[in-house]
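Whole structure, please, built from the sequences with the hints as guidance.
As they're listed, the protein sequences go chains A and B. Residue 126 in the working numbering sits at position 126 of the first sequence, with consecutive numbering throughout. Residue 280 in the working numbering sits at position 280 of the second sequence, with consecutive numbering throughout.
Source of the hints: derived by calculation from the structure; they are not laboratory data. Every value quoted in this text rests on a predicted model; they were computed, and no experiment measured them. Any given hint could turn out to be false.
[What the hints assert, rightly or not] Here are some chain A residues the structure puts well away from chain B; computed CB gaps all over 12 Å:
id, residue
1, Arg87
2, Ala171
3, Glu190
4, Ala200
5, Asp222
6, Lys231
7, Glu235
8, Pro237
9, Ser243
[Stated by the list, open to error] Computed list of lysine-lysine pairs in BS3-like fashion (alpha-carbon distance at most 27 Å, straight line):
id, chain 1, residue 1, chain 2, residue 2
10, A, Lys117, A, Lys101
11, B, Lys10, B, Lys313
12, A, Lys117, A, Lys150
13, A, Lys101, B, Lys313
14, A, Lys19, A, Lys80
15, A, Lys19, A, Lys101
16, A, Lys80, A, Lys117
17, B, Lys233, A, Lys150
18, A, Lys150, B, Lys80
19, B, Lys313, A, Lys150
20, A, Lys161, A, Lys150
21, A, Lys150, A, Lys173
22, A, Lys196, A, Lys161
23, A, Lys101, B, Lys10
24, A, Lys83, A, Lys70
Ideal placement from N, C-alpha and C gives every residue a C-beta, glycine not left out.
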Amino acid sequence: MSATMQQGQVAALEVRNLKKSFGGLPATNDVSLTVMPGERRLIIGPNGAGKTTLFNQIAGDLFCDSGSIKLYGEEVSRFKTHKRTQRGVARTYQIITLFGKDTLEHNLVLSLLGLLKTRWNSFVPLSGSAHLYEEARRVLATVGLEHLAKRPISEISYGEKRRVEIAMALAQKPRLLLLDEPLAGLSREERMTVSKLVAAVPRDTTVLMIEHDMDVALELADQITVLHYGKVIVEGPRAEVVSDPRTKEVYLGE
Amino acid sequence: MTAGVLDKTKLAWWAVLAAALVAVPFLMGDFYINLLSQIFIAVIFAASLNMLVGYGGLTSLGHASYLGVAAYMSAWLFLKMGWSHLVIAPIAIIGTTLMACAFGWIALRATGLGFMMLTLALSQVLWGLAYRWVGVTDGDNGLRGLTRPAPFGIDLENTTAFYFFALIVTVVALAMISRFVHSPFGAALKGTRDQPRRMSALGHNVWMIRWLTFVYSGFWGAVAGVMFVYYNKYIHPTSMALTSSAEGLLGVIAGGSGTLAGPVVGAAIVVLLKNYVSGYVERWNMLLGFVFVFIVIFMPEGLVPGMHRLWNKLRARKAVRDSNTGGREKA
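The following block contains the structure:
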């Protein structure tokens, strides 16, 4: 876009005064944040801080009560989820949300189809789109699961499912990638594998990540936002936020 | 057909089936030929409903509306307007499909139970209209006196001719529905059934996918309706009552929803019980109930997937037995 003339002038994501309450209980209460293109932003906060609610509003699963969401300068807060995806948003889920009976490659094909016009074609067999399955296997190879391409999701391990989640998001070459606890429930080795995957995401993708595992997540982050009771408490470069007393209070002070 | 997975045995089975279907009119009496024609119509109806129920995960309790409206439109335009079948058939099908556009738009405000209730409510409105709007529908008397068309000079009043006509339409319908199911759109539809939230996050317009399926399903329901009125030369409000919708649904579920062969088997069973067994057993409805309960208990996934599962089990057991005896012989 305008990246050539004004590097970094247009934010990848600009959230302003975002509010969402559930029956009077504010889940995000006046959240504002600006994420620049290519940035790796980590969002932390205790349980119930409104992190996933924030993600759901950015992705479009929830409409905000008030506030605005701009994606590369375009106001998207009234767009439905699929329309935001067409604009380059991709996400993974904290609770694994895959097509359990289908093969890994079919899962990836559904992801690829999401951005293709052929998804409306109801007269040509999908199996004829060999290039889609090739691309699916190529993406699976990037997360090291090519050998399982023809296995159904229900037969693979939890850690592998996590990697499929990420592969499905990456397959769309998103401009903005939302990772909701990509390391949750993984073993030590699996966490290293997944964090390497996240680290390898190309810089033309902006990454917003919710994660509790500080050891791994901190290394991946440029900037950190701390949420607490639906509000931004601290925000800034990694080192500043980590040493900020308010961060410690929220996380360790209890 | 299109699938490239047909091996030789499968091909042979298809050939046998095709030969049998072609041979039927020359081997059997009119009663059985007519029975098969009715089965074909019920198969189109159930297969169209299966697009929604089996592949979309949207259980409709009002599918008979499309059959009924297409049938009523055909009968009314023929009897009261005196138009020719050539004009009527496309009008009835397109008109009914347009109605499906509107009904889908209303019913898809909800999914699950809400969707089911909305489809039921809409179909009950039409059923009531058919009963009460006597000026158009002749109410409880139904519309009668229709004749069957004679395309290319082939008079469909002839039992055998109608049989082949119904057979061809059914094969085309099933082939088109099979194409639909195996297409990218069909894959997306199944995705919206299994993980709607994920599908919209992947960029798929879940509502639009469901709505288009609803409309397409209504289209094939309308085709079944036109065939239905040609066969019976009569249409009565009961044809679009809840029982009629439920029979279709029963066929889909008994045969195996979300499979191509399921509705074919299921619809055949329902028609056979209704028209054939009822000649011997007066309480055929009870028998239908028993059969359904039996299927639900022993093969909750439906007859076709259930039989498939049993078959694989038996084969696996046989393979184990063979290898066991083979081992003993060597020893």
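Going through the earlier hints one by one, which of them does the structure break, listed in rising order? 1, 2, 15, 17 and 18
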